[in-house]
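Residue numbers (our numbering), protein chains in the order written: chain A, 1 to 284; chain B, 1 to 284.
Because the hints were derived from the structure by calculation, they are not lab data. Please note that the accuracy of each hint is not assured.
Treat identical chains as interchangeable: a pair holds within one or across any two.
When the alpha-carbon atoms are kept at most 25 angstroms apart in a straight line, the in silico PhoX-like pairs for lysine-lysine are as follows [what the hints assert, rightly or not]:
1. K254 with K190
2. K50 with K27
3. K208 with K234
4. K12 with K279
5. K279 with K29
6. K197 with K218
Protein chains: 2
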Amino acid sequence: MKLIDGNAIAAKIRDEMRAEIEKEGIKPKLTAMLVGNNPASAVYVRNKQKACEEVGIDSEIIKLEESISERDLLEVIRRLNEDKKTNGIIVQLPLPEQISENKVIEAIDPLKDVDGFHPINMGFLLAGEPRFVPSTPQGIKELVLRSGYGFDGKHVVIVGRSNIVGKPLAALLLCKDANATVTVCHSHTKYLNEVTKEADILVAAIGKAGFIGEEMVKDGSIVIDVGINRIEDKTRKSGYRLVGDVDFDAVKDKVEAITPVPGGVGPMTVAMLLVNTVKAYKMQ
Amino acid sequence: MKLIDGNAIAAKIRDEMRAEIEKEGIKPKLTAMLVGNNPASAVYVRNKQKACEEVGIDSEIIKLEESISERDLLEVIRRLNEDKKTNGIIVQLPLPEQISENKVIEAIDPLKDVDGFHPINMGFLLAGEPRFVPSTPQGIKELVLRSGYGFDGKHVVIVGRSNIVGKPLAALLLCKDANATVTVCHSHTKYLNEVTKEADILVAAIGKAGFIGEEMVKDGSIVIDVGINRIEDKTRKSGYRLVGDVDFDAVKDKVEAITPVPGGVGPMTVAMLLVNTVKAYKMQ
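With the rest of the complex left out, here is chain A:
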């Protein structure tokens, strides 16, 4: 069994980005909007900023009150769309309930939409001509490729149909530079075990700790675990630990390769955001 080291691969991608930015003498800028006081969101945004600094991307965090109106938030986005110094714009989700996430996503200039969530970027992806691909699907693709595996003719089974992972990943792997056979499963899928057992590459993006057991995985397959779930652990100071959607210990001796949680898909998501920001700079 090969452990796919997301930390190492993400570090390599950051190295490549740093080298490219230095060599070309460019100075891309990412602006992140952080609304309210969600502590997890604050951590995510800080991690993104840290990664930007590490590779030479300017970054700015715009902190906005929890009580901000939708209209005022859209006005901030409009100004950033016009700001020539800002190449990439992200809005950390979730947003307070007075604000429509869809309206916010649709307000971002598609050429600065480095999260790839704008419907026109989703559409380019489905049409097989991706511009900005959401970070997690793109990170999954890179993890597999940089571990020495390919997608051509492989049966990829994705469990979970979110707009952030499952569906854009399906579209990405159907593109002609990947050429995978793709199945998307979800909560309504019958005989899920039988479907997942067909997978050469199984992607778990469900949000349920240890959901994928030994009986759901094919011998010699590659397993990508997107889940990040907190479970109680009294042996830890924090009182909890992070586990994936895959029952790692049950599955590990059966598979060709697997990503750990943490240290698998997670670090790739931030790395691919940097890649998209450099791409945005070059497209503008």
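Given chain A's structure and the hints, the job is docking chain B onto it.
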């Protein structure tokens, strides 16, 4: 075996549209652009116009020279985007080679894009909030539903990953009002027979006459044949006949239901264009 009668179902949809248009006293208008002298394109456009007339939708065909420049075609589209009388705009494909199909599709106002090919409409579909769905996928969905079958928890296997059928159909059937498990296969798929044999609902959209044989189909499944292929037939005056991607005679005794070619998916495509045109009128 039940023969799914696309002609009858399409006629019923046209009846519903006619009743709705009369009852609401509305007058939607579809404008079709026909570039050059492709005889098949001329037939398609005329059929669409005929269907419009039948239900009370105004229609106009703008005929343009084969030699028209991309710039001039885009200018025509720009005028139609602004024309308040035009609710739906379609450009019959294929286009002459001096013109980029993507640029033309992207030039159409997404609110008038009744073919649903604009990337933003593809993106809304992938995100699970469809506005305009391309006619063929939407027609396939209606065929199945109106024949008394459902998609929830069913495994739908789609053979073919085009932007007009395979990929938008996958996105459509992953939406929460359908809830299918969806697999997309294509020319790079290995062990295709094994994958198609898993299908509760098999959709063939490959463009190869009689490609789907008995050994590829599960007992009691539903088979939707999107292919329209000409094959030589000396017993016909025309010298050819139309067949689908499915070997109908080989498969028919095995399945629960199947669409014929012609008279299956084909007539639905035009009917769903009418549905989209009425929807466009109401959205504007």
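Consistency of the hints with the structure:
1. Taking the shortest Cα distances, K254 and K190 sit within 25 angstroms of each other both inside one copy (24 angstroms) and across copies (22 angstroms).
2. Taking CA atoms no more than 25 angstroms apart as the test, K50 paired with K27 passes inside one copy only; the shortest distance there is 16 angstroms, against 57 angstroms between copies.
3. Only within a single protomer do K208 and K234 lie at most 25 angstroms apart by alpha-carbon distance; the minimum there is 20 angstroms, versus 61 angstroms between protomers.
4. In this assembly of identical chains, K12 and K279 lie within 25 angstroms of each other by CA distance solely inside one copy; the values are 17 angstroms within and 50 angstroms between copies.
5. For the identical chains of this complex, K279 and K29 are intra-copy neighbours only, at 11 angstroms inside a copy versus 41 angstroms across copies, given an alpha-carbon limit of 25 angstroms.
6. In the homo-oligomer, the alpha carbons of K197 and K218 lie at most 25 angstroms apart both inside one protomer (5 angstroms) and across protomers (19 angstroms), since each shortest distance falls under that limit.
Against the hints set out earlier in the document, no violation occurs for any number.
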